[in-house]
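Asker: Keeping the supplied structure of chain A fixed, place chains B and C upon it in accordance with the hints.
The lines below spell out each chain.
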Amino acid sequence: MGILEVKNVGKRFGGLQALGDVNLSVKENTVHAIIGPNGAGKSTLLNCLVGKLIPDTGSVMFDGQSVLGRKPFEINQMGISRVFQTPEIFGDLTVLENMLIPCFAKRDGAFSLNAISAVSGQKDMLETAEKMLVEMNMADKRHMHSASLSRGDKRRLEIGMCLSQEPRLLLLDEPTAGMARADTNNTIDLLKEIKEQRDITIAIIEHDMHVVFSLADRITVLAQGTPLVEDDPQNIRGNPKVREAYLGESA
Amino acid sequence: MDAILLQILNGLDKGSAYALIALGLTLIFGTLGVVNFAHGALFMIGAFCAVTLQRVLNFSYEDVDESQKDFLGNALKVKTPYVEAWFGPEFGGAIIDWAVPLAILFAIPIMIAVGFIMERGLIKHFYSRPHADQILVTFGLAIALQEVIKYFYGANPIQTPSPEALSGVANVGALIGMDFVYPVWRIVYFFFSVVIIGAIFSFLQFTTFGMVVRAGMADRETVGLLGININRRFTIMFGIAAAVAGLAGVMYTPINSPNYHMGMDFLVLSFVVVVVGGMGSLPGAVLAGFMLGILESFASMNEIKSIIPGIDQIIIYVVAIIILLTRPRGLMGRKGVMEE
Amino acid sequence: MFGLENKDIRMLLVVAVLTLCAPFILNPFPTDSALAQFNAGYPDLMQRFVIFGIFAVGFNILFGLTGYLSFGHAAFLGVGSYSAVWMFKLLSMNVVPAIVLSVVISGLFALLIGFVSLRRSGIYFSILTLAFAQMSFNLAYSVLTPITNGETGLQLTLDDPRILGVSATADGSIPVTNLFGIEMRSTYEMVVGPWAFQFNAGYYLCALVLLAAFYLSIRIFRSPFGMMLRAVKSNQQRMNYTGLNTKPYTLAAFVISGMYAGLAGGLMASMDPLAGAERMQWTASGEVVLMTILGGAGTLIGPVLGAGFIKYFENIFSKINDQVLHSWFAFMPDGLEDFVVFVVHPFIGKGWHLTLGILFMLVVVFLPGGLVEGGQRIAKWVKTRKGNDDETPGKTTPAE
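Just so you know, the protein sequences line up as chains A, B and C, in that order. Each residue of the first sequence is one higher than the one before, counting from 1 in our numbering. Each residue of the second sequence is one higher than the one before, counting from 252 in our numbering. Each residue of the third sequence is one higher than the one before, counting from 592 in our numbering.
Excised from the complex, chain A in its bound form (with noise of 0.2 Å):
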């Protein structure tokens, strides 16, 4: 019984089947990659999970407890945290307040009427979110606009963000994107450093096959909104359907 069980789920838009009949079971403390072909419905699964889109049928399940019909705020509150491909941060705060605003929601919950009290003595606060920025390496840019940080930085702040949540599940939508090789590599680095020091489970949506190889302990490919196969990341790589599906169209 994994963390995540998504059972039977299907996604219809308009005369498009987005999701067909998707299963999926992600265990605890590993590291799940959804790879799959352009317009396979990575995208679509992942907004399922966390509460964009609600599934026309099917179940999502997290940790026993049903997703389905529950905002995004309340998922993430039951402890699953997304990572967006482009980084959504509060560009008009500085990096140490993006950082506090993640702790406050933990501590405080999805609304906390908290008007008179001052940010600045609340030392237990601070103390949690400066003790992230230096495991993120960014304790010398707390007090930056977030908005002028390197796309690199903003990548990192934002998996810091959802870290200091201490999520049970860490969904990542194409962490590398469009970023240069050497910004993909500290993240691969990064992930690897998340996934060795804390009891989290990841699942990760990416295109990039270096990535993925790099990080996944089981990989599902979607082809059509369907899942063709879910393995070990080496039966993966001699899988003859998935090269087919898809590394046959990169290679």
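Hints were generated in silico from the structure; no laboratory data involved. Heads up, a few of these hints could be off.
Computed cross-link-like contacts, EDC-like style, restricted to lysine to aspartate or glutamate with a CA-CA straight-line distance of at most 20 Å [as the list claims (entries may be wrong)]: (1) K824(C) with E88(A); (2) K123(A) with E596(C); (3) K824(C) with D384(B); (4) K598(C) with E74(A); (5) K838(C) with E74(A).
Answerer: Same frame as chain A, but now just chains B and C:
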């Protein structure tokens, strides 16, 4: 039955004005992506074009007429407009009488020029700024424009009569075997707006220029990629939208004597109309304009007011709120326009 | 001190000094001098400064922090005024219950309007608030006449019950508003040489309320709640995926700023116990938007500066007439003098709104951060110049 028809007619003239202003607003929004709070001011400037022309035509010189005496026995001073002196009392008088329709010719170049200056001088700098900034800067412009008009024309409404021949009432009911009368000018106004709306739609539908503009409204980037200079065309559309608002104002003067704040009064309602019709939808703006105009006139019937007091004052807003909450994109709004 | 950081305390002190010493600061010219017309230290004008300051500080909590542009905030001010006047009519002439009621009622009203309007964002939100405010304005003018007294406006009469007070004073006139006996209109005039300074009880009440309101707004800005509001403005998507529900945050900001507006309305009625529908019109909502932007939206002190700036110049500009202009430009040759006066004429007197409209456009175009940004730019400029001066000798020293 008579009463219902009469209310529909009553709603048409206001509805026409709403539709014309809203058409321009949504055209600007759809093409340039700008929320123009100064659009009501354009309507007002149009109205004052009519006022100005009327004043210019009435420029007179004074003459002493020995044949007429006042009660003290002095010769009477007679004012004769230059126009009458030049073209003879008959033809000159007719020109003065037809000042409002003539003002259309006068208003078109002025309004297009005003539109160009506004777009090139101010609004183009705001394409990439947030909508709040666009609202704010055009709001400031609207205040400034209306104050300029107030400075030159004063704060009081200025009577601007329609031509004598079109000023009475017509027995409209007779046409359909019923009996009720309706002011001729309002009928003129309705047909005028139908012509303008028709002209705009056929321009967009049947000319290459219009096709490019429509394509640009739907997908600006792709059209830009084709190597077509979409911005220049959009600027021209701004001029056209300004002219439409201006003409709506010119022709509205006999219905309601223009004053400097008429633009603001209409602006709020026109925005409501645009939002109800759906931001960026031209047919939506026209439909919502007429619909709200007619609803407003029904709500002001005594029978209805006695059931729900005050409904005539708020009907438009109530409808707008209901529609915005149930159909976020308005009646005919396109997907993806102004959602967040 | 007060749970604030040093720089915030400094800012609070600046506002405190400015408001409490306003009768001096705003009356720099001797009463008999020609420049006395530029004095602004009159009770009713000073009251307006601080009341609009409160209004703008509250509006800034919504617009400055969350970025939601409401075009209907005057409705809450109007509701506050009506509530306060009703309290004077029914209960007593003490301003405390009146102000409390106006804050509560406008808060409830804001909760209702905010709940509906905040289901949309962006331009749709602006239009919804505009529609609600215009609706309230129209209703106040027509059907709600029993509550609002329609066009005439709601006023006190000699027949009002005033359960805890008197319907009429001993000499048969309407009693005046007071704070536990201190009459709001009572003014002490201090004459120092040619100067006359007026200290008005009502003004000082307003000033103290402004200080409290400003202090509260500092606390809100610096709190986790304030940070969340800024996060709403910055990225709602990230908010949602960080487990935060944006709706209650925006609604709370809306209600708080509505209560500030109600407070301003209540104070307005406490100073002069009448309320009219025109206070709710959308142009009045536009005015508070102008004040906030002009001062600097999203900054703490901006709205106070903006409100003071607009109200001050509104007063001064409308007092200037051609005669004054001629006296100013008398040093010029006659023809030039007339020309300058002719050019300036449209912008003064009744033309104040023209100046305001143009000024507003200039601010939005060139100084989106308002007066505060302007101040910062000047400070920066001075600093770099100073820096350069310091640097040049520093660089040359080793060479010597």
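Asker: Could you work out which of the previously given hints the structure breaks and list their numbers from low to high?
Answerer: 4
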